[in-house]
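**Q** Each chain is listed here by its residues.
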Amino acid sequence: MEPKARILSVLQRVTGKETSPGTDESLFVSGLLDSFALTDFVTGLEEEFGVTIPDSDLSARKFDTITKVESYLASRA
Amino acid sequence: MAYLRAFGSWLPSRRVSNREIASLVDATPEWIVEVSGIEERRYASDEDTVAGIGLLAAQDCLEKAGATAAELGMILVASGSSDRFCPGPASQIASGLGLNATPSFDIPVASAGSLIGLALAAKLAPSAGRVLVVGTEIMSRRINLTPDGKNSAILFGDGAGAALVDAETGFARIADSCLYTDGASAETIFVVDGQFHMDGSAVIMQASRKIPRAINELLARNGIAAAEVEAFLLHQANLNLIVRVATAVKAPRERFFTNIARYGNTSSASLLIAADEWHSAQATAPSGPLIFSAFGTGLNWGALLALPR
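Keeping their order, the protein sequence lines are chains H and V. Counted from 1, the first sequence has number 45 at position 45 by our numbering; the numbering is strictly sequential. Counted from 1, the second sequence has number 183 at position 183 by our numbering; the numbering is strictly sequential.
Hints were generated in silico from the structure; no laboratory data involved. Beta carbons: idealized from backbone N, C-alpha and C, even for Gly. Hints may contain errors.
[Claimed, not checked] FRET-style restraints, in silico, Cβ to Cβ: (1) Glu187(V) with Arg13(H): 26 to 36 Å; (2) Arg309(V) with Glu2(H): 32 to 42 Å; (3) Lys123(V) with Glu18(H): 50 to 60 Å; (4) Asn144(V) with Ala5(H): 41 to 51 Å.
Extracted from the complex, chain H is given alone in its bound form:
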């Protein structure tokens, strides 16, 4: 499965919604994520991609869109 699809799968699991936001659509402005849900999203990404995301990276700016999440994960690989 492509990274984008895996990210979307984690997002759907965390939000409990069969959502498919645009890759550059803000996950916060759209209401899919808030500060609490982002924590779950990040934990889900850690499990799905086998990476450790440091607390200091817990910023809405880094995880605002699917594209940004993909870029971030690529930088952690």
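Given the coordinates of chain H, work out where chain V should sit on it, guided by the hints.
**A** Leaving out everything else, chain V in the frame of chain H:
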């Protein structure tokens, strides 16, 4: 050994409703409840001082313990809103208690300061004997009650709490603690030029991970399941965060004592005010483990475990 012997608290009489705050910060009372769980908070009067209200909590604690100030071997005072940076309120509180040679130190850490005080007191009690920990805050003077300061201004209230840690006697033994500091994220919550600043979203995200991690570390290290814990006494930062922590550590929500709806977030005082209210409501001594936890400026965070005698 170190034991929790008594708690104390003091809160101002002036109640400040969400309606009063909402009109100043361009919000609605309902929104404040939704994002924080806070329904009202207390504000100190113009005559109150951080040291003065801390002294009242200290006296309440000593009275509940049946102890005198002369028995104290040390005083630790946490505050992120002290009237004067240096010296802070510790020496004034000691003086107010009639002490002129008892070592009394400040812990200038908002929100997590009283947890740090409790953990240090447990380490120091074997040599100091009885250590009084005080958390005292007048946060209403550090917030910006305009739309620009909305996200912080809705949260904070004033108050003071205290705990007596005793080397010989008490209702629960302080068995373990963990404290952490991460300065890399210090800019997410700080006080400068007398004003409190907070990136609420970043703080929530950090706390949502760090508090459960600290609690789980203590539980695992001591072979205790979360379900066995009799009471979780947390810094009253945000009701949604506390509910979140309960879910993360897989413990029943009702085991988490909360009074944030009535007092708001009283920063470093909140942990001890909550502990005092919880303890005062108990008909009998605790029969199960107690967990304390807090998160605040620094960033500083951690947890403390107390076991029944």
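**Q** Would you mind marking each hint as holding or not holding in the structure?
**A** We went through each hint and held it up to the structure:
Judged by the Cβ atoms, the range 26 to 36 Å given for Glu187(V) and Arg13(H) holds: they are separated by roughly 32 Å. Remark: the range hint 32 to 42 Å for Arg309(V) to Glu2(H) is contradicted by a beta-carbon distance near 59 Å. With their beta carbons about 52 Å apart, Lys123(V) and Glu18(H) fall inside the hinted range of 50 to 60 Å. Evaluation of the 41 to 51 Å hint for Asn144(V) and Ala5(H) yields a pass: the beta carbon distance comes to about 44 Å.
Comparing the model with each earlier hint shows a violation of hint 2 alone; every other hint is respected.
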